[in-house]
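Place chain B on chain A using the hints.
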Amino acid sequence: MAEVEETLKRIQTHKGVIGTIVVNAEGIPIRTTLDNSTTVQYAGLLHQLTMKARSTVRDLDPQNDLTFLRIRPKKHEIMVAPDKEYLLIVIQNPSE
Amino acid sequence: MFTDESLDALGVESLWRKSQQFAQESRGCQTRPVHTAEAEIQPLLNADNGTQTDPQDHLIYQLPPKGELRPESPGLRDFLHRVEDMVLKELASNAKSHAFDGFDVNWEDQNETVSCIHCLQHPSAQEKGLQVTSISWSCTGSVIACAFGRVDDGDWSTEKSCVCTWNLDRRGLNPKRPDMIIDVARPVMSLSFHPSQPSLIAGGLYSGEVVVWDTNRTQDLILAQTGMSTDTHREPVYQVAWVPGPRRGEMVVLSAGSGGRVLLWTVDSDEGRLVLSAGFALIRQQVPHNSALSKNRGSSNVGVTSLALSPWDLDTFLVGSESGLVLKCSFSAQTLAAAPPDGESVTLRAPAQFSFSPRGGPVHSLHCSPFHRNLFVSVGTDGLAHLHSLLQPDPLLSLRVSDSYVFGVRWSPTRPLLFAAATGQGLVQIFDLGRKSLRPAATLDQLTGGQPVYCLEFNPRRKDLLAVGNADGSVNIWHLSTELTEQGPRETAKLEQLANEVAE
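Just so you know, the protein sequences line up as chains A and B, in that order.
Each residue of the first sequence is one higher than the one before, starting from 59 at the first, in the working numbering.
Each residue of the second sequence is one higher than the one before, starting from 13 at the first, in the working numbering.
With the rest of the complex left out, here is chain A:
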């Protein structure tokens, strides 16, 4: 249990990180460092986008699979690490 918190803390305190969210397979956030409404918004939208990205990759090459997803809006960067059961979303403000 403490290990989970430690790992998340290591990620959260990295340079430039604004927020961290862990989402389960159904798209429900289980750990977050942002406020409620933002978290629910990010979790829902990025879960859908990750599923779409994964199906795109697999359609292009069935032997391939999605390992990492990065979206770069103007203001910051969103990184998604997907997995079978969970999704880790990290929002970072690069080169500050």
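With a Cα cut of at most 25 Å, we get these calculated DSS-like pairs of lysine-lysine: (1) B:Lys506 x B:Lys475; (2) A:Lys132 x A:Lys73; (3) A:Lys132 x A:Lys110; (4) A:Lys132 x B:Lys108; (5) B:Lys140 x B:Lys188; (6) B:Lys188 x B:Lys172; (7) B:Lys448 x A:Lys132; (8) B:Lys475 x A:Lys133; (9) B:Lys140 x B:Lys172; (10) B:Lys506 x B:Lys448; (11) B:Lys506 x B:Lys108; (12) B:Lys108 x A:Lys133; (13) B:Lys475 x A:Lys132; (14) B:Lys108 x A:Lys73; (15) A:Lys110 x A:Lys142; (16) A:Lys67 x B:Lys108; (17) B:Lys101 x A:Lys67; (18) A:Lys132 x B:Lys101; (19) B:Lys101 x A:Lys142; (20) A:Lys133 x B:Lys506.
Which bits of chain B does chain A cover? Going by a derived footprint, with three or more residues having C-beta under 8 Å, they are: (21) 89-95; (22) 98-112.
Treat the hints as calculated values from the structure; they're not laboratory data.
Glycine residues also receive a C-beta, built at the ideal position from the N, C-alpha and C atoms.
Here is chain B on its own, set in the frame of chain A:
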């Protein structure tokens, strides 16, 4: 001889007709008797039971509570183990990466130029020589209302004036003919649209009255007014605004005038009255000030010429006065005002909590930054724009806007580092704090022949429109270039940096 005789009847038996009757035998049967038995039962103990589904308490999803007692999701630890290294590596390389430096995407058409797309006028007001004292955009961003009055008249004015509205999204827009003209008996000094109902406008008059108009009505457009009672201002009302009221969803009208009063009115539309709900009085002796101010004599009221609400903190508001004071005030101040009660229905309180370094003349306009909770900009008759932080009395930055008076200033709603100031020479100067030089990024000439510009407002919905009200009675709508409206990278960070500088 003859005698009666009866003879026996003679019978002849039939030979062929026999009796059909044969031998008859009778038999009968009956079942054996049926056994019946009766028995009764009765339970000695009773028990009742029922089930029902409970209604769901919360339909919105709630996150699991934080803390030690959270149920551990299976496999979470392993998942984090797997991804941690990869994520940290990506984060580190991202922080160092120069791959996207200077990379910009054009999603929309770039507009390189700033142009004046409309010049709205009301000819009959212009004939009378009325000036535009205040403009306001509706919450939908398509209607602009302007108030006519006089700013340069020192005398008590009983001149009739009007409030005109134009709908810019309408197809048959005629710049010379307003869509709606509301006649008012006194010059209107300030105007404010309701932030969520697009048909309500609040206005402050030269006589001290505050009126709320409802543009939906066809007959009498006045929804509520204060009338001339003991509660109203006695001096011109220079600023009106809508603030959230005590109940959720309700808005009350805030009015501030040069009599030193800041009053809050609730709208009672049934009676058509504005009822005073709270009031503040600014008295010179109650202002927390530096010792330099206490030498001034004169009226003890601090006349309010401008007011700004903070979008970050609903309790704070800033007040600029005729004598150059800029004060930070609070709605929840409890100290009673030292003003003699003048028959008002509520007791007035003294709201001032902090005073910033004073200016050399009346402060005509204040505006709080929508991007940083501590920053605001103030302009006055000394021709300078001061950028202040709420935390310290001295300004962070002083910019020379013009050589004459500056009447209005507004932060851009889309770019954190941009603000526009309206000068007395008929120019609107737009400053970009991200640039190295302190000269304006753009200058909009209102072509009024040197007459002052009194007010300016950015459109809350369409980020590239700026409305400017001039002294010759016209309102110019400017379309700004993309450079002035698109937020650049790291602007919020630069603003943060500016705000954290401590003035020497």
